[in-house]
Amino acid sequence: MKKLLITLNVIASISCIGLAAKFIALPFLATRIYQEDYKTLVFQCDNVMQNHLIAKNKVSVDKSDESIKQLHAAEIGLLSCNDYDAMRKKLISWGLTENDLAQIGLEAIEEKANDVRTFVKTHEIKY
Numbered sequence: 084m085k086k087l088l089i090t091l092n093v094i095a096s097i098s099c100i101g102l103a104a105k106f107i108a109l110p111f112l113a114t115r116i117y118q119e120d121y122k123t124l125v126f127q128c129d130n131v132m133q134n135h136l137i138a139k140n141k142v143s144v145d146k147s148d149e150s151i152k153q154l155h156a157a158e159i160g161l162l163s164c165n166d167y168d169a170m171r172k173k174l175i176s177w178g179l180t181e182n183d184l185a186q187i188g189l190e191a192i193e194e195k196a197n198d199v200r201t202f203v204k205t206h207e208i209k210y
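Mapped onto the working numbering, the consecutive letters of the sequence shown carry residue numbers 84 to 210.
Derived from the structure by calculation, the hints contain no laboratory data.
Any given hint could turn out to be false.
Claimed, not checked - So the derived label-pair ranges between C-beta atoms look like this:
| no. | residue 1 | residue 2 | range |
| --- | --- | --- | --- |
| 1 | D166 | L109 | 18 to 28 Å |
| 2 | L87 | N165 | 49 to 59 Å |
| 3 | W177 | D145 | 42 to 52 Å |
| 4 | E119 | T90 | 38 to 48 Å |
Every residue gets a Cβ at the ideal spot worked out from N, C-alpha and C, and that includes glycine.
Given these sequences and hints, build the entire structure.
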């Protein structure tokens, strides 16, 4: 009976260590390892999406060859968002939450915004 209790205590201890590693250590490590790369990808993808929206709106107003070329270039630029998406999925698999990623994304945009005007331009969507 005593061996059974010791075995169960060892299993419970190993389980607690495993859970702590999964829910505390892995997200912490992932944040420390990938945070700067993720911030760069967030900012790049945000800029590419903004440029795409501007090019798309320009085509709806002026369907010239030049505006269509700019739209196609902006669409190709959206491929860089694939790296952002892959990194996002990797960080979620390491245990970060949507809120953790949103916080890092906001930090990225705030760090890259040199002044209030740039910050507003980054967040502004024109219809």
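Hints violated by the structure (numbers, ascending): The structure conflicts with no hint, since it agrees with every one listed earlier.
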